[in-house]
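Chain residues, written in single-letter form:
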Amino acid sequence: MFIGAIGCEPLQLRRVNLENSRSIETYRKNGGYEALRKVLDRMSPDVVIGEVKKSALRGRGGAGFPTGMKWGFVPKDSPKPKYVVCNADESEPGTFKDRYLMERDPHMLIEGMLIAAYALGSKATYIYTRGEYRYLIEIMDRAIEEARAAGLAGDKILGTEFSCEIYTHTGAGAYICGEETALLNSLEGLRGHPRMKPPFPAVAGLYGCPTVVNNVETLTAVPDIIKMGGEAWQKLGTEKSGGTKVWSVSGHVNRPGVYELPMGYEDMEKFIMEDCGGIPNGRQLKAVIPGGSSVYIMPASDIVGKKVKMDYEGLVAAGSMVGSGGFIVMDDTVDIFESTKNLTEFYKHESCGWCTPCREGTDWLVKVFKRIARGEGRPDDAQLLLDIVDNIEGKSFCPLGDAASWPIQSAIKKFPEDFKRHLLPLTNGKESGKEGLPTI
Amino acid sequence: MPAELIKVTINGQEFETDKGARLIDVCREKGFAIPSFCYYADLALQASCRMCLVRIEKMPKLQTSCTITCTDGMIVTTESEEIEKAQRGMVEFLLANHPLDCPVCDRGGECELQEMVFDWGGLEERFTEKKNYAPEKFLSPIVANDPQRCILCKRCTRVCDEWMGEDAIEAGGRGSHTVIGTYGGWLNCSQCGNCIEVCPTGTLLDATYRHQTRPWELSRTISTCTFCSDGCQLSVGSRGGEVMRVVARDRYVNGLNGEFLCIKGRFAHPFVNHEERLRTPLIRYKKGGKLIPATWDEAIRYTAAKLRAVLDAHGGESVGVVGSPRLTNEANYALLKFAREVVGTNNYTATEAFSLVPFFENLGAPLATHKDIRHAKTILLIGGEPEELQPLTGRQIRQAVRNGGAKLVIINSVPIRLKHAASQFIQIRPGTEDAAVLALASKDDAGVAARKLNVEAGALEQVRQHLNDAQGDVIVMFGGELGAEAQSLLAQLSFTFGEKEGRRFLLHPLPLFNNSLGVHDLGLMGGALNPLEILDAAGAQLRAMYVAGSFLRTHLEGREDALSKLDFLVVQELFQTATTEHADVVFPAASFAEVDGTYTNNDGFVQRVRQSIPPIHQSKPDWMITAMLADALGTDFGFQMSSSAVFLELAKQIPAYEGLRYPLLKDESNPVQARHALVGQRDVSAQLVELRSLVEGIEETGETTTQTPPVGHELFKLGTLTSKVPQFHLLAAGNPEPESVLISPLYQITIDPALRDEAAVAGD
Ligand SMILES: Cc1cc2nc3c(=O)[nH]c(=O)nc-3n(C[C@H](O)[C@H](O)[C@H](O)COP(=O)(O)O)c2cc1C
Ligand code: SF4
Ligand code: SF4
Ligand code: FES
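Chains F and L are the protein sequences, given in the same order.
Residue numbering for the first sequence follows our numbering, beginning at 1 and increasing consecutively.
Residue numbering for the second sequence follows our numbering, beginning at 1001 and increasing consecutively.
By construction, these hints were calculated from the structure, which means they are not laboratory data.
Model, not experiment: these values are computed from the prediction.
No false leads were slipped in.
Below, computed lysine-lysine pairings styled on DSS-like, alpha-carbon distance capped at 30 Å:
1. L:K1377 to F:K197
2. F:K413 to L:K1130
3. F:K414 to F:K240
4. F:K414 to F:K367
Model the full structure from these sequences, guided by the hints.
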């Protein structure tokens, strides 16, 4: 598996291939905790937030919300404690970058969290991982202890007046707990379902106090932003998508792995065919889901020869999204009906059950998919799937409902043949005699 | 403070409304129907059913109107093709896994989901897949659950948490496998059944009633609950002379309690048609003999003759007359009139647990209504345990704290459950409640009071400070622990703290019975003797007694044979009790479900009791029995067999009820408060001196308990009425979890072998 940067100097992945990359010594020898020192010595919280704004860093958890702006929403005059929460739930199918960042370079996350805590006036911060990442908690806990021993966490950090604790916490295995408000519920020991927004966490989050929830990769970007300065960091990427982005590449490529690319990397086709080593076994590229399962699927025809730019704007223009950067490549052996069925089963399983459309809609969708897979597909099933999805999309309580809808919408639109094939019902080996093809 | 007015446009029409008003409420108020399931006033927002979708200009996506607050210039569309499609889509989703077997569902005919579908008509249901299945089961002896019908609006879990403070039910599982359930498989809560009430579908069901009738077969009568002094309004559903159920559902009744009721109000009604109800008048012709059925004519004639003999031999003062805080104002008024006009005696009282006479004599501030409590800013509770004894008051307190940010201060010798809602809880030595009042009424005595209470003086000072600084309504509540002097001082507390702009003191006594206030208002509690004294006088000064209802267990403790010393005892009752045991004549009385009348609740609201079924067997309303007896003794009460005539006369005689008439008390949503005389500032220095010496005499011993009393320790007590309900026996026995939750626990757990019948399986 490849772990490294293409088209830029590795920032996020600078240390991941070093020996003993987890240890505080390695981290410090390679520029670690310099940003924290700089912040504590020379920068006011407002200046820190200013640099993050200039960096055009957008949240790496999926929504791509400008991080500096989010930090700016935290009311400074609130008498309540403020919290920084690291979202390490990483449950989006096809996404595994946060895991390597934490596993191989835990101190980078700690430094990022401490800088965020300093900027936001927070004395307690939390790292929330998905249940399956329990082993990462051990790694993080060890790193936190190292940092504490080095005077980098806990009371009077680096001898300054800044004190901050970092706590770790695991979920119990629910995708929805990656959604920031569901995560906060879970962290508080409540049932993991999303909360109503507004109020947004920046105003009323953990225990009703101002809280910033950021993805691992968002936070690990912060030390470099401070060291290089926001502007310089932004220039690594594009105007609106600053810096570099870490992609989790999986599926039918010769070299899957974790890739750090500059934002705006110019050609997705080149990325797949050259950087990732192309498609194995001489197969053809069929489709890519570029940003984790919750985004629109892209057919090869939208990629090959299209010079798709790999950043927020580029992917939207190409008909999909950056999402969590879970880059799933599929060759021509893949039946998009089957892959979509698989994803839909995931969303059904992970629907928290709070709201009607997602709870009942995903259940229904899966039942239809399964029936079709049993060979009982009906000509109008594709339309039925689209209708169900239309009644979910934009009407659910949280974006999970949308996330369940988009793959289906795009799959039926872009790969109608894969669906049609399943919708011709056969009885006793003969065609049922039903007229008409699916209306797609 | 009047809210700022803003303009909103709904479906092209412009309206003025309060800034920050909830959009769904505004739309409905302006006449635009918006479907909803999860929205429920004064509960936390849920926004999960997604039925209330509207289009708001400049907002992406459809918005849930239940979560939107109005802003100036908002342009809203509530009716369009897009919206209707979305809403129909939601119902289609809700019905996807629903069994669609309304004909066998208990809620059929009054189900909000069913109505939604019927109202819209032509609903498309394209779901042809296999439905998810979950079996119907019991959550407790009272609550049954048919999870397939659930739409997960979570009204149930919210009322359990927010109204009841119990948080006993919650959703379990996730996605389409989410089911409403309990923690640990069995519901150990106060069994109020509010979850059943607010459930819009046939998911949570009244296990005492389910599958017995269809709602459209029931005659519904709006009436007042016959248990505690909160006076909840309810709808009695009866069929063929049988009370089948009691509900407070919005569609049927809209009283001060909304849809709230407690276990007793909702589930303890089976006493009405219970087989042990007295059927005919009974006469014990010979002391020590048996009670023998008799005709009304014979019983009245016999009683009149016996009373006449006692009156002739010993005079009026030899006859005691005892009313009851359980009976209507009409019944008690008739008794009082009987005592005064027929017998000529001052030896009357009512079987009340404690007297509030000193409180009312010194009443310096108005009584608080339940609405006042909900919106109060400060609540001081001394003694009492409303969550068990006046459950609606308990709910109002919780809502005031939770939704209104009220400060709750509790002074109690026991860490009662409400403690969790309190911002200050002061645990005192048992039996020292009077000292707490002394500390509040007189700063100089705070030191000695603190010592007797066994608390830090600072804690009491903090309470004084609270009350001093308070803005808005300050509600002072107290239970039955206070003595006469303490009651008097508390009634005058508003003067102790003096006038202050923006602060208003309101008082809320916590008596135990449905008509406790009524017996005080009528003056029955102002007789020459109290219940204990009247028992002590039996056989001595008193030779005969006329009792409506029965003495309380606490009255008869140590006085078990007092009543046997009488020459003649006549009792009106529903059932055989420890009091009827000594009776020479027993008249079968009609229960609250069989009579017309009024009860006065602890707000001072005079509320109607309405006949929903004809009197059981040969029973008669209490006031009618009294009038018949008076007639036989030569006095025509002139009531002409109509309770309204009794009330008319009562209203003329009792100043607080002046001008009240039944027609004015018609609308339960707009209850009428009796006009209790406010006495203004009184000189209570004598009471203060007396209280001080009382407090000084308190021994500094009593152990305090750290144990919070278990849920239901009062609610589940087996009384004359509740003991007629099998489920109460299970609850009183600790609500044991049965082996199978699919079968009614009544058939699995043997407490009374008579209850073992054929197994009733859930879903039957
Ligand atoms: C269903 C759902 C699942 C999500 N899962 C994750 C996740 O696993 N990790 C993550 O960082 N963000 C996840 N998010 C996004 C978070 O809600 C939130 O936007 C993010 O943590 C904010 O951090 P950022 O601004 O740094 O991206 C999820 C969102 C939704 C709606
Ligand atoms: S869309 Fe609704 S049911 Fe689905 S995860 Fe979000 S809140 Fe839960
Ligand atoms: S049981 Fe009833 S009230 Fe509770 S969530 Fe289900 S439908 Fe709603
Ligand atoms: S009423 Fe608004 S979402 Fe249920």
